[in-house]
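There are 6 protein chains.
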Amino acid sequence: MPRPSGRKENELRSVAIVPNVNKYAMGSCLVKWGDTHVLCTATIEDKAPSWMKAQGKKGGWLTAEYGMVPHAGNIRKDRDAIKGKQDGRSVEIQRLIGRALRTVVDLHQMDNKTIKIDCDVLQADGGTRTASITGGYVALKLAIMRALTEKKLIKDPLIGQVAAVSCGIVQNTPVLDLDYVEDSNAGTDANFVMTADGQLIEVQGSAEGAPFAVEEFQKLLALAQKGIAELIEKQNAALKS
Amino acid sequence: MPRPSGRKENELRSVAIVPNVNKYAMGSCLVKWGDTHVLCTATIEDKAPSWMKAQGKKGGWLTAEYGMVPHAGNIRKDRDAIKGKQDGRSVEIQRLIGRALRTVVDLHQMDNKTIKIDCDVLQADGGTRTASITGGYVALKLAIMRALTEKKLIKDPLIGQVAAVSCGIVQNTPVLDLDYVEDSNAGTDANFVMTADGQLIEVQGSAEGAPFAVEEFQKLLALAQKGIAELIEKQNAALKS
Amino acid sequence: MPRPSGRKENELRSVAIVPNVNKYAMGSCLVKWGDTHVLCTATIEDKAPSWMKAQGKKGGWLTAEYGMVPHAGNIRKDRDAIKGKQDGRSVEIQRLIGRALRTVVDLHQMDNKTIKIDCDVLQADGGTRTASITGGYVALKLAIMRALTEKKLIKDPLIGQVAAVSCGIVQNTPVLDLDYVEDSNAGTDANFVMTADGQLIEVQGSAEGAPFAVEEFQKLLALAQKGIAELIEKQNAALKS
Amino acid sequence: MPRPSGRKENELRSVAIVPNVNKYAMGSCLVKWGDTHVLCTATIEDKAPSWMKAQGKKGGWLTAEYGMVPHAGNIRKDRDAIKGKQDGRSVEIQRLIGRALRTVVDLHQMDNKTIKIDCDVLQADGGTRTASITGGYVALKLAIMRALTEKKLIKDPLIGQVAAVSCGIVQNTPVLDLDYVEDSNAGTDANFVMTADGQLIEVQGSAEGAPFAVEEFQKLLALAQKGIAELIEKQNAALKS
Amino acid sequence: MPRPSGRKENELRSVAIVPNVNKYAMGSCLVKWGDTHVLCTATIEDKAPSWMKAQGKKGGWLTAEYGMVPHAGNIRKDRDAIKGKQDGRSVEIQRLIGRALRTVVDLHQMDNKTIKIDCDVLQADGGTRTASITGGYVALKLAIMRALTEKKLIKDPLIGQVAAVSCGIVQNTPVLDLDYVEDSNAGTDANFVMTADGQLIEVQGSAEGAPFAVEEFQKLLALAQKGIAELIEKQNAALKS
Amino acid sequence: MPRPSGRKENELRSVAIVPNVNKYAMGSCLVKWGDTHVLCTATIEDKAPSWMKAQGKKGGWLTAEYGMVPHAGNIRKDRDAIKGKQDGRSVEIQRLIGRALRTVVDLHQMDNKTIKIDCDVLQADGGTRTASITGGYVALKLAIMRALTEKKLIKDPLIGQVAAVSCGIVQNTPVLDLDYVEDSNAGTDANFVMTADGQLIEVQGSAEGAPFAVEEFQKLLALAQKGIAELIEKQNAALKS
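Keeping their order, the protein sequence lines are chains A, B, C, D, E and F. Taking the working numbering, the leading residue of the first sequence gets 1, the next gets one more, and so forth. Taking the working numbering, the leading residue of the second sequence gets 1, the next gets one more, and so forth. Taking the working numbering, the leading residue of the third sequence gets 1, the next gets one more, and so forth. Taking the working numbering, the leading residue of the fourth sequence gets 1, the next gets one more, and so forth. Taking the working numbering, the leading residue of the fifth sequence gets 1, the next gets one more, and so forth. Taking the working numbering, the leading residue of the sixth sequence gets 1, the next gets one more, and so forth.
Bear in mind the hints are in silico, worked out from the structure with no lab data behind them. Be aware that one or more of the hints could be misleading.
Note that the list lumps identical chains together, so a pair holds whenever it fits in one copy or between two copies.
Below are the EDC-like pairs computed for lysine to aspartate or glutamate, each with C-alpha atoms no more than 16 angstroms apart in a straight line [as the list claims (entries may be wrong)]: (1) K47 - D78; (2) K77 - E208; (3) K152 - D78; (4) K113 - E45; (5) K23 - D179; (6) K23 - D35.
Chain A on its own, in the form it takes in the complex (with noise of 0.2 angstroms):
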């Protein structure tokens, strides 16, 4: 059966990563993933969170923001701030882009900073929280380096290169990196956040319809090894270019 965009299961849709996109964020570049298109833009700011300064917490801190604008996707959604409130999907998202991309910050080295990542989807054809912090990194780690050349920070606090992507079991087929259409049909989906050294940072699998064996789950997690091995090789092309 084969996959609606003609695809090999385990084969990424083209990925391409444009830096500096953005004349005014420390670092910023536009992910194109397949129709999935993510501005990510990573700022820092010259002080800690108050709630670091309440608890008296030494170092800085990371966090993320997600949004969509309104027509990304294929049906047009009422813009968030209108509504008053994020919904609940990006709360989520935001969350995990967030942990994700601490992990791979020291913040101790981060003294009274903190850093501002935004991922905002212009377009999107599933699997945007994997771009999010694909890209997510791309952007800080574009901003940690003219930080330090700014000398804006002193020493470099990444500690780690760190990807995502998307794995589903599509017509009980094990299959890599989601596309919209085969997201809606996935039986079970799952995202993956790696590091270039092949550790685990985050995982999340849900089962959409039929509960799913610990051996399938394996499966993913084999496709998802190849999937970022492939987009650390894309992040370090955009970063060289």
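Fit chains B, C, D, E and F to the supplied structure of chain A, relying on the hints for placement.
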């Protein structure tokens, strides 16, 4: 290195599930899982959500809400209702509870019904989300049994049984069922939602400190399988009483 | 005409006050007043409210918050945190609880402290505001005793003891302590907050149906005096245990 | 000890009720009660509230809203609309106004109608809630008279007349109709809502400082009866003009 | 074709500006501009806005807020405070009022001060924004005069006088000062804010129906110049009284 | 005195309008106007707004929404969705966009349709509102052409073509199309919305510093006429591609 509670590595805290604690709800229970206490109620409303009607979808829905009383944890937190919105963590947790329980309900058998699962944490000592899912299932089952008896439902929509538990790597040792002290010090924290027959419904693993290896994740999964089996028995005992 | 519960006209429901039910709060109790169950906690924070500082006021403050879990009553209500604001009734009740308890605290002895009383209704069968005040006093007393022991307070700021009860005119008969069924049918409903020595702190009487005569109000007051005396004893018993 | 205003203990401030001050509302008046100025309007809408429909209730409803312009009081307060919610005091007051006026309307005669009473305080010098109720009645009566004339109502739903006044104990002396200076210094503050024939509709007494004795409360009640009788006459004069 | 009000094409409605209507505000007036009634108050607070401090800006600020009582217009509108936010029109108008009045204040002379202009519409019959600016200036001037007298300001920061008027093209005829009936039927609607010496501060013209020619706009401008000159005199008369 | 960008006084920045950049929206374009980048989409929904139904109005409606990604400008701003409301500037701008585009749509031809124009600023360097109107027209035209092709609309409701540009007085010189640096230093700032045949739709001029003379305003108008003519050509080129 002993656990702070003196438990063995694969030992759950004491778990008591007291059924029918609320005189109004269709189904309810109080989960006393160590010092974590969660009040779970299940309500069956005679209409589908408005978004289903708007999208022309058939069947019913199940949704969950999660909250904490202000002094559930060791530091009092401001009341969400006064801050004007749920915090991000609550949003993330209630989405997980809803997804987990929807997997064991055949929503096509629930035409024009909405089941609402409320999980209110009265005291928190780690593992509130897994206690909410485990207790939420009991409240759900009780509500459906009563609805069948009262002829508010004709056919039983339940197609599985679900429980949840956390595992983590604390001081390099994989352990089952983290309490708050362990959770605060865990290098890796994972939540597993599984069915009575050992299938996976949701897997969420996060590196809190360093990334973790695939093999470590396998060990956590094995611990979870043992814990889930015991929790399924606790649920059954509560349902029989 | 007997009361639905079979109680005598001047008879309280059974009232149990279980102290120290929360392992984290400075003071706490669970009030089981018939089928009305309210969890009360008292927190002492080491700063005065920001509005006191802004106005240059000395001393401390006591404030109360009131909430209900969604299915506390016989019909599930949407969670305030999701609606984005407290409902008007909750606002009105928590202002009453705060006023009542402030009257027995010498705020000048509380310099740079804020006491927060949280009253969370787990099950509601009428009289939640009077149960909240009555239990709120117990939580407050326990918190102050502990703060004195722990030297967080030097001098006891408590200058009185307070309890509250409702009375009403049901089918032309004045009765003590309305439960939900009676409250729904009461022509007049009144809440009395009084001290241990029989002084008034707050009186609120409302004609739910027809206006009421001054003489009727006097009868309700007499019933309240009897009920308050009994509640003061219940409080003292709970505090001794 | 003379009152700051030089008034006798049982003397009201000067009260002028100017009817029909708004060219659009069905009924309106401006209450000038000493330096307290409240604009009251009454609107009759041709539908019952949505919650009545949802609950299958017949008849109509009356609701009240209360607000202050930002500089109504001696210190400017931020605009509720900008803060994003009404303050708790406004919520409490508008619930009182609504309850008080509903008592003199036969809602069964108001099928599919909602009356909205708006009380906007232009200047506040104590007693805004009692001025709102007293003026709200006049706006309500004018609106109903006009609706009867215009055949928008067939039968008069008004079944009573209502006014309100505050009393308090200032420097151990019970006095009628506190202005702001007295209110700030009162040991006890009470609001009475009564009908033209001397029945009680709402009684609210609060110890601002020390608790008060039952006998003191009786004296306040007697003062209120005198004040209400005079206010009823003021209302009638305004309605005749 | 006569105007509905019988006015000449270049004739203002009757405009009365009653100064000092609020006993607490530093400056205040009630503008009665035909049937449009706006209460304007000016407050001088002893601190600069927090955003100025955050950006390290010197000097002071002037800001304006605009609101309507619910039944100001011919159909009652829900109270902004209850809806939880200002409507877009109010936001747009208050930004205009603030910009217009800031132009005649030398903010560098206002170090650590914030002037707040509140414009509350009690009755609306067209032209509420121009009435707010015209009355807002009077309240501002009165507040500054009093602050100079009371030595709260050392040097007069006012550097100009400002008034505002609307013009429009109604049935192909340019007319001055639209009331609500004309405004509803105008093809083009323009608001002009000008100084006492005939300079422009703000010009806003909108095609409500068909686009308009540059020549038409010139005619509206000429009408506005005449109207502004008369309004400046009304302001001066009010300030002298 | 040369302009910072080296442009002539009557010279636009380079303007590129890339059509059809969004795969889901009925119409879309990306406006690259110097360093100001705005993504515009147009959606046609098959229902009139609820307020039109409530007021019994026939025809359809067009509304616009405006937002910025957090780091669109030179300083990152907090996300509106997280602050819980749009900022006042966004509200003002989106109302302008909506008014401008409604003028060229015959809403009576749009029965039971709502057109939504979304303008999301990806990068801001001055002139975002005029870029939004100019690009919004292109997205609107594309959406209507597609709707006519797909028979979702029977008759073309477009009755004009509209573009917008800003002008200002910078160092006493009137110039066309201010970028951010010029805008920050402009004494007067004006926005003009005009049709393809040189009629005015909206004129907004503000004195940022000193008031301005009528003659200066005329010069800005002349510059705008030149700029608009060029922008109309850019729109036409984009629509032909």
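Hint-by-hint comparison with the structure:
no.	hint	verdict
1	K47 - D78	between (33 angstroms within a copy, 15 angstroms between copies)
2	K77 - E208	neither (23 angstroms within a copy, 29 angstroms between copies)
3	K152 - D78	neither (39 angstroms within a copy, 22 angstroms between copies)
4	K113 - E45	within (6 angstroms within a copy, 28 angstroms between copies)
5	K23 - D179	between (31 angstroms within a copy, 14 angstroms between copies)
6	K23 - D35	between (24 angstroms within a copy, 8 angstroms between copies)
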